[in-house]
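Kindly produce the complete structure, drawing on both the sequences and the hints.
For reference, the chains in residue letters:
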Amino acid sequence: MPTFVRLLNVARPMGIARIGSMAGIGGIAAVLVLGAVGCATHPTGAQAKLARPDAAAGVLPLLHREDVLWLGRVSFGLDAASVADYRRLGREKFLERQLHPRGPALPEPVAVRLAAADPGAGAAGEEMRGDAAARIAAVNAARKSIYALPEGSEREAARKAMNDRGNRVAYAAIRRELLRAVYSQDQLEEQMVWFWLNHFNVYQHKAEIRWVIGDYAEVAIRPHALGLFRDLVLATLEHPAMLQYLDNQQNAAGHVNENYARELLELHTLGVNGGYTQQDVQQLALVLTGAGIAGENPPKLKPELQGFYVRRGAFEFNPARHDFSRKTLLGRSIPGEGFAEIEAAVDLLARQPACARFIAGELARYFVADDPPPALVDRMAQTFMRTNGDMAAVLRTLFLARELDAALGSKFKDPMRFVVSAVRFAYDGPVITNTRPLLNWLNSLGEAPFGHQTPDGYPMTELNWASAGQMSRRFEIARSIGSGSAGLFDADDGSAKGESGFPQLSNRLFFEAVEPFLTANTRNALGRASSQQEWNLFLLSSPDFSYE
Amino acid sequence: MISRRRLLQLGAAAALSGRSVRLYAAPPSGPRFLLVFLRGGYDATSLLIPYSSGFYYEARPNIAIAKPDPNQAAGALALDANWALAPAVRETIGALYRAGQVAFVPFAGTEDLSRSHFETQDSIELGQPLAAARNFRSGFMGRLAETLTGGERDAAPISFTDALPLAFEGTAPVPNLSLKNLGKPPFDDRQARILTEMYSGHRLESAVSGGLELRHEVAREMADEMRTSGRDSINTKGFELEAERMGVLMRDKYRIGFIDVGGWDTHVGEGAAQGVLAANLGSLGRGLQGFSQSLGAEWHNTVVVVLSEFGRTFRENGNRGTDHGHGTVYWVLGGGIHGGVIAGEQLAVNRRTLFQDRDYPVLNDYRRVLGGLFRTMWGLSADQCTKVFPQAAPTDLRLA
Numbered sequence: 001m002p003t004f005v006r007l008l009n010v011a012r013p014m015g016i017a018r019i020g021s022m023a024g025i026g027g028i029a030a031v032l033v034l035g036a037v038g039c040a041t042h043p044t045g046a047q048a049k050l051a052r053p054d055a056a057a058g059v060l061p062l063l064h065r066e067d068v069l070w071l072g073r074v075s076f077g078l079d080a081a082s083v084a085d086y087r088r089l090g091r092e093k094f095l096e097r098q099l100h101p102r103g104p105a106l107p108e109p110v111a112v113r114l115a116a117a118d119p120g121a122g123a124a125g126e127e128m129r130g131d132a133a134a135r136i137a138a139v140n141a142a143r144k145s146i147y148a149l150p151e152g153s154e155r156e157a158a159r160k161a162m163n164d165r166g167n168r169v170a171y172a173a174i175r176r177e178l179l180r181a182v183y184s185q186d187q188l189e190e191q192m193v194w195f196w197l198n199h200f201n202v203y204q205h206k207a208e209i210r211w212v213i214g215d216y217a218e219v220a221i222r223p224h225a226l227g228l229f230r231d232l233v234l235a236t237l238e239h240p241a242m243l244q245y246l247d248n249q250q251n252a253a254g255h256v257n258e259n260y261a262r263e264l265l266e267l268h269t270l271g272v273n274g275g276y277t278q279q280d281v282q283q284l285a286l287v288l289t290g291a292g293i294a295g296e297n298p299p300k301l302k303p304e305l306q307g308f309y310v311r312r313g314a315f316e317f318n319p320a321r322h323d324f325s326r327k328t329l330l331g332r333s334i335p336g337e338g339f340a341e342i343e344a345a346v347d348l349l350a351r352q353p354a355c356a357r358f359i360a361g362e363l364a365r366y367f368v369a370d371d372p373p374p375a376l377v378d379r380m381a382q383t384f385m386r387t388n389g390d391m392a393a394v395l396r397t398l399f400l401a402r403e404l405d406a407a408l409g410s411k412f413k414d415p416m417r418f419v420v421s422a423v424r425f426a427y428d429g430p431v432i433t434n435t436r437p438l439l440n441w442l443n444s445l446g447e448a449p450f451g452h453q454t455p456d457g458y459p460m461t462e463l464n465w466a467s468a469g470q471m472s473r474r475f476e477i478a479r480s481i482g483s484g485s486a487g488l489f490d491a492d493d494g495s496a497k498g499e500s501g502f503p504q505l506s507n508r509l510f511f512e513a514v515e516p517f518l519t520a521n522t523r524n525a526l527g528r529a530s531s532q533q534e535w536n537l538f539l540l541s542s543p544d545f546s547y548e
Numbered sequence: 001m002i003s004r005r006r007l008l009q010l011g012a013a014a015a016l017s018g019r020s021v022r023l024y025a026a027p028p029s030g031p032r033f034l035l036v037f038l039r040g041g042y043d044a045t046s047l048l049i050p051y052s053s054g055f056y057y058e059a060r061p062n063i064a065i066a067k068p069d070p071n072q073a074a075g076a077l078a079l080d081a082n083w084a085l086a087p088a089v090r091e092t093i094g095a096l097y098r099a100g101q102v103a104f105v106p107f108a109g110t111e112d113l114s115r116s117h118f119e120t121q122d123s124i125e126l127g128q129p130l131a132a133a134r135n136f137r138s139g140f141m142g143r144l145a146e147t148l149t150g151g152e153r154d155a156a157p158i159s160f161t162d163a164l165p166l167a168f169e170g171t172a173p174v175p176n177l178s179l180k181n182l183g184k185p186p187f188d189d190r191q192a193r194i195l196t197e198m199y200s201g202h203r204l205e206s207a208v209s210g211g212l213e214l215r216h217e218v219a220r221e222m223a224d225e226m227r228t229s230g231r232d233s234i235n236t237k238g239f240e241l242e243a244e245r246m247g248v249l250m251r252d253k254y255r256i257g258f259i260d261v262g263g264w265d266t267h268v269g270e271g272a273a274q275g276v277l278a279a280n281l282g283s284l285g286r287g288l289q290g291f292s293q294s295l296g297a298e299w300h301n302t303v304v305v306v307l308s309e310f311g312r313t314f315r316e317n318g319n320r321g322t323d324h325g326h327g328t329v330y331w332v333l334g335g336g337i338h339g340g341v342i343a344g345e346q347l348a349v350n351r352r353t354l355f356q357d358r359d360y361p362v363l364n365d366y367r368r369v370l371g372g373l374f375r376t377m378w379g380l381s382a383d384q385c386t387k388v389f390p391q392a393a394p395t396d397l398r399l400a
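Protein sequences appear in the order of chains A and B.
With the first letter of the first sequence counted as 1, position 111 gets the number 111 in the working numbering; the numbers rise by one all the way through.
With the first letter of the second sequence counted as 1, position 143 gets the number 143 in the working numbering; the numbers rise by one all the way through.
Note that these hints are calculated values from the structure, not bench results.
Any given hint could be a false lead.
Said to hold, decoys possible - The calculated lysine-lysine pairs, modelled on DSSO-like cross-linking and capped at a C-alpha distance of 30 Å, are:
id: 1; chain 1: A; residue 1: K206; chain 2: B; residue 2: K180
id: 2; chain 1: A; residue 1: K144; chain 2: A; residue 2: K206
id: 3; chain 1: B; residue 1: K180; chain 2: B; residue 2: K67
id: 4; chain 1: A; residue 1: K160; chain 2: A; residue 2: K497
id: 5; chain 1: B; residue 1: K180; chain 2: A; residue 2: K160
id: 6; chain 1: A; residue 1: K160; chain 2: A; residue 2: K206
id: 7; chain 1: B; residue 1: K253; chain 2: B; residue 2: K387
id: 8; chain 1: A; residue 1: K497; chain 2: B; residue 2: K184
id: 9; chain 1: A; residue 1: K144; chain 2: A; residue 2: K300
Below you can see the structure in the form of structure tokens.
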């Protein structure tokens with residue numbers, strides 16, 4: 001047996017300690033028997049009720065099918081640590097931890113790797129260091145120096161070198177998000193970061209966006225992922241990634257570009273049926289004139305305009321480009337006051353009942369069901385209105401709803417959930433060193449991070465991910481994940497080969513949280529596998545694994 | 001044996017619980033239809049240039065394309081006294097136009113006024129009356145496939161996309177596969193069987209079996225193509241390569257197809273005779289030309305419609321681009337069509353005729369135009385037309 005397989009058999013110490021305190025192997029066998037009886041239906045009352053420590057017996061309770069599925073929704077998928085935490089804390093306490101992450105959430109090897117410089121940084125250009133403002137400035141400077149070169153091979157080489165640096169910068173950002181998604185204990189936060197990155201989609205291949213996607217994720221999105229919706233809107237509005245993506249940096253008095261204004265209404269806040277008109281789009285576009293990306297030097301302004309200038313990081317509000325006329329948005333009058341108009345407009349949008357309903361509906365579609373139960377969406381929208389758009393509160397309403405329990409087991413995993421949950425499950429042990437295979441799998445399944453060209457983001461329903469072509473592609477990737485040949489333990493830059501070998505998916509986590517609830521079809525297929533790799537393929541391809 | 005009626009009932013049941021996919025063997029000859037959806041709202045005014053309109057040159061000081069000039073072989077191609085074709089597609093689509101194999105329908109589109117990409121794309125793909133509640137499980141291509149399924153007129157639908165488009169939603173089974181990158185079939189027969197059986201009775205059962213089978217079939221088909229084709233396909237890439245492969249599959253197997261092409265949302269710096277938009281149009285034109293060639297004799301049985309969710313603002317915006325508009329220009333191509341014309345209801349292009357002082361108006365409703373084409377191509381009855389496009393009387397543009 002390769003060393004690698006043995007390594008994977010060793011779950012995290014925490015998990016082992018807890019499982020060890022169960023009634024040993026006999027405890028697991030009992031789960032199997034009961035699970036087989038209750039296969040594909042709700043287990044009977046013979047099993048311990050939910051995850052509540054059984055103090056009298058001094059052992060932790062067995063898992064109910066609903067617990068496993070619920071945990072699968074809160075997280076990107078089960079791993080030994082999340083199962084152990086859930087059993088120790090019970091549902092409500094577990095949820096509170098997830099809603100209010102206290103960090104540090106990353107296993108040390110991951111934290112160490114992410115704290116290290118971006119791959120290739122240091123030796124390479126200034127564009128790879130610092131915040132968005134510094135990066136944008138460095139990119140502009142580098143472009144300028146390239147254009148200054150005479151046409152020819154030297155210029156071409158410089159252009160190519162810069163392009164390579166851009167690719168590395170974008171990859172570093174994606175790697176960070178993927179490693180966090182796989183390994184962070186704060187799984188709900190990670191899902192929300194991903195949800196918002198998709199809701200406030202930007203496309204890395206437009207303009208200079210790839211240089212700042214890492215900053216967009218970590219500075220604009222992450223701090224607000226479980227916070228106030230209004231802050232999130234404003235943070236994305238001010239970020240150079242969004243300013244470039246939806247062209248608002250070009251939006252100026254006399255040269256109005258309504259692209260961002262329209263999507264801010266349609267996709268970010270109110271929804272297409274949110275009750276706004278073409279007139280509102282045009283008025284909001286005027287409100288947004290002058291919001292752009294800061295240049296190297298502040299603009300030279302007339303004295304009467306200087307007080308209106310705003311600079312925050314790479315964001316700049318340039319009053320000389322702003323239309324100071326009075327606007328009317330959604331029937332409210334907004335006097336011409338410069339940047340204060342933008343804050344007022346964002347506040348106005350975030351307070352709309354249409355906004356609360358739209359965001360509640362999108363969240364419920366992502367976490368609960370393709371056609372979310374209207375009563376649940378209503379309650380979430382009420383929470384949204386009551387708390388001024390506090391996402392932790394809205395998510396609490398969602399995750400404690402009986403409608404969620406009723407929908408468990410029927411949500412098809414989109415590619416991101418499929419890939420991340422498979423890696424969490426299959427490689428729940430030594431930390432992977434190479435995230436390129438994950439990125440390739442996501443590319444191949446059509447859900448590349450920062451790779452959706454249009455501002456609607458990726459769709460979140462089964463309809464969009466379970467066509468004939470997509471299913472066979474998914475099975476290919478299941479095989480790749482299960483065969484261990486993808487190079488997950490190679491060096492990130494391809495410089496060194498790491499251990500390879502297939503993971504042992506029939507592990508303790510499997511017997512504890514998966515096996516008891518398998519459907520007969522899947523059980524049958526697993527029984528026909530001719531090798532461990534093929535067994536892995538069938539499990540990861542199974543309907544049981546495709547749904548959560 | 002199961003009766004056809006029973007099959008239809010089963011199909012209806014499958015629509016509730018999922019869909020069933022099976023592969024078709026199309027008869028060697030018969031009508032074929034391909035829908036090319038340009039997602040993003042392409043700037044039709046830079047494709048079909050209203051060169052007789054002085055207002056056009058006023059409204060687009062930076063991005064208008066120069067009038068056709070007989071001394072300029074690489075410039076816009078005059079199609080008639082009012083319209084000219086973009087230089088970027090002159091050699092490809094222009095040549096087909098001269099051969100009577102292309103027509104353009106200006107002032108085409110939908111009554112949907114949201115000016116939202118996503119809303120309008122959805123509503124066009126669904127093809128349902130705007131006033132009614134939407135059924136997201138029923139697209140017009142899906143209904144066409146349902147109408148044609150069975151017998152000589154078997155629809156043999158396929159979508160050349162990674163995901164199944166809304167247009168193909170419905171009860172008729174539709175396999176999908178992007179032809180961008182093709183590889184070997186991933187699984188041997190035993191593995192494919194076990195994978196399929198794992199989904200037995202599941203709502204994804206037929207998607208799973210259909211997907212695995214299609215991979216095998218396309219790999220076989222394309223292997224033959226690579227061996228037998230004398231054409232050098234090394235130089236083609238991107239959409240052009242995809243379109244050639246589509247042509248082969250539609251020649252041999254499939255009757256109605258769908259492909260979408262992105263990158264048309266030109267808010268900034270769209271260019272004129274050259275530039276971003278011209279490059280996209282050029283690739284599209286070469287792709288469609290390659291498609292027509294790889295269909296061989298079946299090109300004469302084939303109709304291609306190129307459309308987009310809306311047109312763009314008639315005036316350029318502050319950034320040498322254009323914003324979301326309304327009416328657009330549809331393309332109709334085919335070896336047997338009565339092309340070489342600008343078809344449908346038309347207006348002189350000037351400021352007064354703009355819709356909301358902003359965009360082209362819509363005079364040719366997409367449901368009526370497509371309904372008319374389908375009716376002629378397949379000899380559909382009034383009931384069948386109504387099924388595909390409810391509450392839309394087909395218009396006969398006398399093209400097909």
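Contradicted hints - numbers only: 3
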